[in-house]
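Colleague: Letter by letter, the chains look like this.
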Amino acid sequence: MLSRRNLLAATAAVALSASAATAQQPVEIQFWHAMGGALNEWVDELAKGYNDSQTKYKVVAVNKGNYTEVMTGAIAAYRANRAPHIIQVFEVGTATMMAAKGAVKPVYEVMEQAGIGWDPKVYLPAVAGYYTTTDGRMLSMPLNSSSPIFYYNKDAFKKAGLDPAVAPKTWVEVRDAAKKLQASGMPCGLSTAWPSWVLIENFGAMHNLPMGTLENGFGGLGTEFQFNSPAHVTHMERIAEMQKAKEFDYGGRRGDSQVKFTNAECGMYIQSSAGLSSILKTAKFDVGFGMMPYWPDLTKGPNGGPQNSILGGATLWVLGGKSADEYKGVAGFFAHISKPEVQAASHQRTGYLPITMAAYELTQKQGFYEKNPGFEIANKQMTLNPPTPNSKGIRFGNLVQIRDIIEEEMEAVFAGKKQAKAALDSAVQRGNALLRQFERDNK
Amino acid sequence: MRVRVGYSNKVLPYILVAPQVIITLVFFIWPASQALYQSVQRQDPFGLRTRFVGLDNFAAILEDPGYLNSLYVTAIFSISVAALALGLALLLAVSADRVIRGATAYKTLLIWPYAVAPAVAGVLWMFLFNPTIGSVAFALKALGYDWNHLLDGNQAMLLVVLAATWKQISYNFIFFLAGLQAIPKSLIEAAAIDGAGRNRRFWTIILPLLSPTAFFLLVVNVVYAFFDTFGIIHSVTSGGPARATEILVYKVYYDAFEALDLGGSAAQSVILMAIVISLTVVQFRYVERRVHY
Amino acid sequence: MIEKKGMGTWLTHAVLILGVLTVAFPIYVTFVASSLTLREVLDAPMTLIPGSHLVENYRTALFSGTRMNATPVAGMLLNSLIMALVIASGKIVISLLSAFAVVYFRFPLRMVFFWMIFITLMLPVEVRILPTFKVVSDLEMLNSFPGLTIPLIASATATFLFRQFFMTIPDELVEASKIDGAGPMRFFRDVLLPLSRTNIAALFVILFIYGWNQYLWPLLITTDHRMDTIVIGIRRMLAAGDDQIEWPVVMATTMLAMIPPVLVVVVMQRWFVKGLVDSEK
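Protein chains in written order, with the numbering used here: chain A, 1 to 443; chain B, 1001 to 1293; chain C, 2001 to 2281.
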């Protein structure tokens, strides 16, 4: 099987180089991504920027639907020997991709073999760390990373007699604000997007509480979940209590709840920093920003404050079985998108985190953050403190399903059908079963 | 099957069936046998490591509360869709059969949802009932009813049942109307002369004569609810909240494409195939009987 | 009819009108949404009076494509049309041929073939999609109209319908044709085809809609946006990720996606009803 694939690849390479010699056709690099809307344009322009900068390679960026569809499509294509070169994989797919040794070519290998003088140290540790092995080798190239931040409706704050210049910092303050907002006529205080990412994964990081053993799974496949600790249960109980009074109102998975905020139904909102531009575009009120709230009595962060948040979003993985020349093209593309000016422009355009130090500094120097304060919050929040094993990220197999299970159990809590403890216990138990399955399948 | 006067030719019949048979073999039988093979294996998504596990995948499914939940959800969903779609269609068909003026217009106005893609129908209903921007959800809230199908499983179920029913009514309507029009008017007139009122005529004459149509439609509606509603579930609820609308075919899709559990999904496919085969056999026996009638 | 009492008739009409309105309501709301701006749509409760941006939204959807999706809907409509036409005519042709063989020839394996064709009814696409994808890919048919259509062309329903229909054709016609010295293909062309005209028209409507409404299959088979069908286009527009869904344009596209199949059903109503009733009997 393997030798047949190599043979095919070799034939393809010969065919490609032959045609390159005759017609000067550029080598095509297939790049499958999940960026829709304005972000699709952004990715197209990244590809165009690289294609215009040289003539040897041509990156073809294709939107293949949402993240799951991109990954499934790429896997199906790989099994049929039609894999693209680069695929965009969301953070929850990281463990699956890492386990697919042979199907995936780690980024550090691609970059080193291309011989273009690659320095992994230019990348922001807070971002690259999530996708790096414990011995410091970078497996995939961050493209779009974000972290949840806190948004609030300044106009509504004013009307409720709250200070619109100051964002609530703790959950206690958030709850107070919610009550005041409701008293001033708002139906709901706060909602959140991406429930598991915000209320479990980032809750753990911000409070320096482990989500699972073995450094949240970074240490190996034998990891087990711990997010049913007393602190987690208390947190969930309090949110459920807030749900009863609509101080918090659940608005669905992913970003489904965003209209609740932009329509001024809820006065506060937790959503990815990447939602910034679309929130600013659709909200008819002044939007304020802040960091995610924390519970002073639950946090294990430094000085009784918050620790730091973790990221979400996606990275670019390189698939195996291609020719050395094609990998050179891939490396060139990655080097292109990592350039400070390209990276800074991407960051300012999309609201995603800058992935290199130089891009961050360049953006600061340009005075961008003074004019657009919301764009720096995620960065500040991620680098609030040096990350601990509990706050550098999570790496669990079958995480797509596990996230669904967590959200399912949370939905049961918010619907008043289950107690917080029972729900979290059940989520941990079901999640562990999936972790064991992943461990078995990947031995 | 009836064998009739025909031709005998050694080669021609094979040439005639060849296109159909080749496509069936290549795109149906072969892939289906692959699914069968996959159901006794465990494999990582990329197909790099494969283990033979016998019936483990089946055992895991039957022990999985999620699967049992899905069976339950499918039953509730199919029964509700079939009952609602049949009941409403019958009411409309009986009405359309009664009116003289405008019957064609009513018919035209009632049959077109058949042409709407399930995925598109899903989008329409999702938009109407969106808890924040949907017109219907807003009206319900104004009436003091808290609509949030993103959190309330029963509401989510109601929503997908409504969307699925909406699309199926026209189909049932056409059959009921055809069935009603096939009933000899003389029969009804005779009953009327005997003094049977409108309701009595419906229950004692019309309904019994319609029952073969109704039975046939029941099977079709159940098959529809089992499979063709995938697009609706996918675009309206994605099986949520808390799996309240995860029907079997959605779970097969989810486990294969989102969860990348190929063995488990293939095993579910095999179970589904068994269900469809039995449904089809029921239908076919019935169909054959009617043909010979 | 037998009795025409005022009350009963009014009630009947009321039931029908209520039914028609309920059926039409979602479409009406969609239509209204397609004539508003994004802000107006998001402003709950959305108005139920059509707005002033109708032409603009449809023009954006049809020709420029949105920011959502670089492919203009006009191209997608064409793809959907090609796909629906190829599937409908392909299914009819191969089903006619195989039904002809099964009914008019006696040959070994006849019943085996019949059952093999019939079994395709039992295998929904979702159930075997990964292996089917691999087959299509091995045949180098990804991203092509053959890949989109051929795997969907095998049809148990159509074969079955033609078989049933051929069996109602009197044997005398075959005898007469034989006496005239005509071969089987001549009989097929001169007698069976003309007789099947209504059935073909009827089946065409149903299969056209089947082809037009395909969803999961094109989603997986095509990676090239130029191959997108309109149903897939809508799906892509809804997957806006971190961006706000552009409801007015999505709704305009939804309307555009419904118009052709609905037109086919309404215009060819007579055959459609016949085809539906016959094919399932």
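Derived by calculation from the structure, the hints in this document are not laboratory data. Just so we're clear, the structure is a prediction, and the values are computed from it rather than from any experiment. Think of the CB as a built atom: it goes at the ideal place given N, C-alpha and C, for glycine as much as any other residue. Please note that the accuracy of each hint is not assured.
Here chain C is said to cover these stretches of chain B; the calculated rule only asks that three of the stretch's residues, wherever they fall, bring their Cβ under 8 angstroms from a Cβ of chain C [unchecked claim]: (1) 1078-1092; (2) 1095-1109; (3) 1112-1118; (4) 1125-1132; (5) 1209-1216.
Example chain B residues on the side facing chain C (calculated, C-beta under 10 angstroms, incomplete) [said to hold, decoys possible]: (6) I1015; (7) F1027; (8) A1035; (9) T1050; (10) A1121; (11) A1163; (12) F1173; (13) I1174; (14) I1183; (15) R1200; (16) T1204; (17) F1230; (18) F1257; (19) I1277.
In silico PhoX-like cross-links for lysine-lysine, where the CA-CA straight-line distance does not exceed 25 angstroms [stated by the list, open to error]: (20) A:K246 to B:K1141; (21) A:K281 to A:K380; (22) B:K1010 to C:K2134; (23) C:K2274 to A:K101; (24) B:K1185 to C:K2178; (25) B:K1107 to A:K284; (26) B:K1107 to B:K1185; (27) A:K380 to A:K300; (28) A:K417 to B:K1107; (29) A:K371 to A:K169; (30) A:K244 to B:K1141; (31) A:K417 to A:K246; (32) A:K179 to B:K1141; (33) A:K417 to A:K244; (34) B:K1141 to A:K180; (35) B:K1107 to C:K2274; (36) A:K443 to A:K101.
Colleague: Are the hints correct? Go through all of them and say.
Modeller: Structure-based check of each hint:
| no. | hint | result |
| --- | --- | --- |
| 1 | 1078-1092 | holds (count 3) |
| 2 | 1095-1109 | holds (count 10) |
| 3 | 1112-1118 | holds (count 7) |
| 4 | 1125-1132 | holds (count 4) |
| 5 | 1209-1216 | violated (count 1) |
| 6 | I1015 | holds (8 angstroms) |
| 7 | F1027 | holds (4 angstroms) |
| 8 | A1035 | holds (5 angstroms) |
| 9 | T1050 | violated (14 angstroms) |
| 10 | A1121 | holds (8 angstroms) |
| 11 | A1163 | holds (9 angstroms) |
| 12 | F1173 | holds (9 angstroms) |
| 13 | I1174 | holds (5 angstroms) |
| 14 | I1183 | violated (13 angstroms) |
| 15 | R1200 | violated (13 angstroms) |
| 16 | T1204 | violated (15 angstroms) |
| 17 | F1230 | holds (6 angstroms) |
| 18 | F1257 | holds (8 angstroms) |
| 19 | I1277 | holds (5 angstroms) |
| 20 | A:K246 to B:K1141 | holds (14 angstroms) |
| 21 | A:K281 to A:K380 | holds (23 angstroms) |
| 22 | B:K1010 to C:K2134 | violated (35 angstroms) |
| 23 | C:K2274 to A:K101 | violated (57 angstroms) |
| 24 | B:K1185 to C:K2178 | violated (42 angstroms) |
| 25 | B:K1107 to A:K284 | violated (45 angstroms) |
| 26 | B:K1107 to B:K1185 | holds (20 angstroms) |
| 27 | A:K380 to A:K300 | holds (19 angstroms) |
| 28 | A:K417 to B:K1107 | violated (45 angstroms) |
| 29 | A:K371 to A:K169 | holds (22 angstroms) |
| 30 | A:K244 to B:K1141 | holds (17 angstroms) |
| 31 | A:K417 to A:K246 | holds (16 angstroms) |
| 32 | A:K179 to B:K1141 | holds (21 angstroms) |
| 33 | A:K417 to A:K244 | holds (12 angstroms) |
| 34 | B:K1141 to A:K180 | holds (22 angstroms) |
| 35 | B:K1107 to C:K2274 | holds (14 angstroms) |
| 36 | A:K443 to A:K101 | holds (11 angstroms) |
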